[in-house]
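Colleague: If you want the building blocks of each chain, they are given just below.
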Amino acid sequence: MALNGDEEDFEWEPPTEAEMKVIQARRERQDKISKLMGDYLLKGFKMLGDCCEACGTILLQDRQQKNYCVSCQELDSDIDKDNPALNPQAALSQVRERQLAAQVPAAAPELNGGPTSSQAGVSVPQPRPEHCEGAAAGGRALLPPPVVASPPPTASTTTLAPIRPPVCPQNSTLRPVLEEAEEAVLTKLRWATAQLQSSASLEASIQLCSLISSCANSLRNLKELSQ
Amino acid sequence: VKMVPLEQLHLSHVLQAVSALESIVLRSFGPEGGQVLFTRDTGQVMVSRSGKRILTALHLDHPLARMVVRCVWKHSTITGDGSKTFVLLLASLLRIIHATATKDPHMFQPHNSTEASEAATARHLADRLLEFALTELDKLIVLNVLPHGFRVSLENFTAKTQHDLSCQTLLVSFFRTRLGYAYCDFFRNLFCELLSHWKVKDDRPSFSMQFLNNSFLALHTQVSGVPVSCSRLIEGQVIHRDFATPCPQVRKQPLKAVVFNGYLQPKLLTTGDVLELRCGDKVTEDRGIVHFSSWTEKSVESIIATLQSFGVSVLLCALKQSSAVLAAATQAGMCLVECVSEEEISLFTQLSGVTPISDCRRIHPEHIATLTFCKPLLLGAHRYVHLDFHDCEERLKVKPCSLVICAPSEGQADQHACAFQDAFRMLLTALEPVRKTQTALEETIPSKKCTSLHADNISNGTACRVHLHQKCVTETGCVISAGGTFEFLLHHALHQYGHSCSVSVNTSAVVPVSQLLEKALLSVPRQIYSHNLKHFLQAQTRNGNMSLKLLDLGLESVSCKYQLVLAVLQCLTNLLRINMVLRTHAVLHTESHDSLNAHSFMIPMSH
Numbered sequence: 001m002a003l004n005g006d007e008e009d010f011e012w013e014p015p016t017e018a019e020m021k022v023i024q025a026r027r028e029r030q031d032k033i034s035k036l037m038g039d040y041l042l043k044g045f046k047m048l049g050d051c052c053e054a055c056g057t058i059l060l061q062d063r064q065q066k067n068y069c070v071s072c073q074e075l076d077s078d079i080d081k082d083n084p085a086l087n088p089q090a091a092l093s094q095v096r097e098r099q100l101a102a103q104v105p106a107a108a109p110e111l112n113g114g115p116t117s118s119q120a121g122v123s124v125p126q127p128r129p130e131h132c133e134g135a136a137a138g139g140r141a142l143l144p145p146p147v148v149a150s151p152p153p154t155a156s157t158t159t160l161a162p163i164r165p166p167v168c169p170q171n172s173t174l175r176p177v178l179e180e181a182e183e184a185v186l187t188k189l190r191w192a193t194a195q196l197q198s199s200a201s202l203e204a205s206i207q208l209c210s211l212i213s214s215c216a217n218s219l220r221n222l223k224e225l226s227q
Numbered sequence: 228v229k230m231v232p233l234e235q236l237h238l239s240h241v242l243q244a245v246s247a248l249e250s251i252v253l254r255s256f257g258p259e260g261g262q263v264l265f266t267r268d269t270g271q272v273m274v275s276r277s278g279k280r281i282l283t284a285l286h287l288d289h290p291l292a293r294m295v296v297r298c299v300w301k302h303s304t305i306t307g308d309g310s311k312t313f314v315l316l317l318a319s320l321l322r323i324i325h326a327t328a329t330k331d332p333h334m335f336q337p338h339n340s341t342e343a344s345e346a347a348t349a350r351h352l353a354d355r356l357l358e359f360a361l362t363e364l365d366k367l368i369v370l371n372v373l374p375h376g377f378r379v380s381l382e383n384f385t386a387k388t389q390h391d392l393s394c395q396t397l398l399v400s401f402f403r404t405r406l407g408y409a410y411c412d413f414f415r416n417l418f419c420e421l422l423s424h425w426k427v428k429d430d431r432p433s434f435s436m437q438f439l440n441n442s443f444l445a446l447h448t449q450v451s452g453v454p455v456s457c458s459r460l461i462e463g464q465v466i467h468r469d470f471a472t473p474c475p476q477v478r479k480q481p482l483k484a485v486v487f488n489g490y491l492q493p494k495l496l497t498t499g500d501v502l503e504l505r506c507g508d509k510v511t512e513d514r515g516i517v518h519f520s521s522w523t524e525k526s527v528e529s530i531i532a533t534l535q536s537f538g539v540s541v542l543l544c545a546l547k548q549s550s551a552v553l554a555a556a557t558q559a560g561m562c563l564v565e566c567v568s569e570e571e572i573s574l575f576t577q578l579s580g581v582t583p584i585s586d587c588r589r590i591h592p593e594h595i596a597t598l599t600f601c602k603p604l605l606l607g608a609h610r611y612v613h614l615d616f617h618d619c620e621e622r623l624k625v626k627p628c629s630l631v632i633c634a635p636s637e638g639q640a641d642q643h644a645c646a647f648q649d650a651f652r653m654l655l656t657a658l659e660p661v662r663k664t665q666t667a668l669e670e671t672i673p674s675k676k677c678t679s680l681h682a683d684n685i686s687n688g689t690a691c692r693v694h695l696h697q698k699c700v701t702e703t704g705c706v707i708s709a710g711g712t713f714e715f716l717l718h719h720a721l722h723q724y725g726h727s728c729s730v731s732v733n734t735s736a737v738v739p740v741s742q743l744l745e746k747a748l749l750s751v752p753r754q755i756y757s758h759n760l761k762h763f764l765q766a767q768t769r770n771g772n773m774s775l776k777l778l779d780l781g782l783e784s785v786s787c788k789y790q791l792v793l794a795v796l797q798c799l800t801n802l803l804r805i806n807m808v809l810r811t812h813a814v815l816h817t818e819s820h821d822s823l824n825a826h827s828f829m830i831p832m833s834h
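Here the protein sequences line up with chains A and B, keeping their order. Position one of the first sequence corresponds to residue 1 (this note's numbering), numbered consecutively onward. Position one of the second sequence corresponds to residue 228 (this note's numbering), numbered consecutively onward.
Take these hints with a grain of salt, some might be off.
As a list, the in silico SDA-like pairs of lysine to any residue whose alpha-carbon atoms are at most 25 Å apart [claimed, not checked]:
hint	chain 1	residue 1	chain 2	residue 2
1	B	K330	B	F763
2	A	K32	A	V22
3	A	K32	B	K330
4	A	K35	B	C728
Calculated directly from the structure, the hints in this document are not laboratory data.
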């Protein structure tokens, strides 16, 4: 929708195909949000005067005084998060995933966070700071954001692996697994550092930094577990 | 969630809040709309389709949403109808303005941020829309919509007319939208009967309608647990309280009654009172509280004795009386009713022509009313006081009667009563002229398009005598067939107006606001026909020839629609004028409609 010339001249070009899709998707999303909000209001939820910090949608509150954001908790978790047309971070993560697939050896599969393998290995990656606080209240796991695409690239697209508190399995089985996990995390850390040094884009640098800090977190957790 | 003390309000917030309300209202909109089931924690259940009831039952803490609901409520209090259409029109107007503002936000002065400039553009558009509506809209309606409608009159209101079109048809359509097909005819008959009883001879029926609207609370009784068909009129007035003293046998002769505004026995010693006791100038042994209370009891006895000398046997009191008073009244054989509500006392004094007694020591003949009877009445599970006035017909030329509305449940009875009262409001609004100088304008239109029903009504002699201090109501109003006809016609008129405007003035940068309204209006019929697109297209094209066959859709009043559009535009302007939200922690959070005690307060700022 570029304006030709200066402000006096209101030549308006029709939006391109892609832009139309985005507009259409946005409108549909807004409609869905309104309908969902209407449903909840009729169920007795209260419409608050506050907005969600992540997406700016009006917050609802149920009878138990829990806040609820319709778009973050119902819509975002399903589709739009991964839709590159709507979510620029999803688009970026797609690009990075492709990059990673070309470069790095396959990440250790045990980091997938299966319940029997080391729980500590399932490090909770640093959540996006803008994530809706209401989502945490629901008891659901904070979804590992797609930005930290590297170690568990598949975990980011599956929904809701509930993070269980680390249960201590037998020490003997734990040690080799922990060591492997440490090694993998260190590799990733090294790689991320290298990428960071050569990175030119701001967005990529931010994401790499968050990756590094989450790797550090994982390492700390692993060290705690092994003690 | 962080509570920021000051927050910029964005256009998208406004739109989102209103869209949520719209999505709720849409479910019950139109002839195929559903009903909402309300449940309370006490187990009470009610089913309703009324937009006002649905919206006011929602829990809303968002200041904008509350503001919109309040506007809807106020509009509904005046016109009696159209709450859902209000929200629908408001939402679609907001959407169109939002789209226009985001497309060209720098239309007006440049701002720091896109959002601020969008908001400014939106505000400006809304202001221009309102201005347009206040100046041009009524002319457009009179020229383009009224010719397609029909005039209905309040004359011969209750006579069974041979014509199909009359105020009665308008009423039936209204009751049908509110109460369903089952009871619309029944209530129409009841309504007409009520109006005919209260019609003051030789005066305009709209007078009595206004009176009935104002005193409706005191004039009706809701009874639950009884089938709807038991609703009826009863003569006289019903006081919604029971006798506080045993009521003696019914006497044949006319009874005398008085109304007390205060306490017959002065109240002793409430907290904070200081009682000064003196017995003249002498210091006696008998000073004290006992002496004082026996003195007050003696004064009560003297009041009762005075009343007996006047022959009074019925006492109506606004406040709760003490047991000494009750005992004295019982002993004297008088019926006493206490805690009578203000509206009922006001109605009683109007109908009986007496004034209430404020000073118990001064009782004069002008305080004494004459009643034909005064007896207990059992309605449903409650006992009330039923009385009738002796010479009302000669004095006021009216036969007072009261309405008993029956329904299986309390919620339903309340619904029926509200529908009844809203019918008064709707009719009163329908009889308002769209334009004060309407008659002058109509004479310039070729009259063959104007069909009027009653031969004695062709002359516009019933033109509005402009009363500056009261609602200007003529005895005829214009109705049009329902189902979106008004919106289509107005849409068409605005379209032509927009064309003629752009032809005459070369405005490339300025968006003609008529276009905005034109687009928004179509959303209403689109929703009415949302289940059947074919009907929508048919309706859109058939506007050229309106025929009587279309009456199966019902009728609606043009004037009500006009008021609705104006109210929506004013609400819109108010909504968009809000710039910032200031958050405070309000201690009180009442659900009453009269106070907007929300957690946030809004600052309207003018740029």
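Colleague: Now, for every hint given, state plainly whether the structure supports it.
Modeller: Hint by hint, here is what the structure shows:
Our distance criterion of 25 Å between C-alpha atoms is broken by B/K330 and B/F763, whose separation comes to about 29 Å. At roughly 15 Å between alpha-carbon atoms, A/K32 and A/V22 fall within 25 Å of each other, so this suggested pair holds. Simply put, A/K32 and B/K330 have alpha-carbon atoms about 23 Å apart, close enough for the 25 Å limit, and the pair holds. Only pairs whose Cα atoms come within 25 Å are accepted, and A/K35 paired with B/C728 is rejected, the gap being roughly 38 Å.
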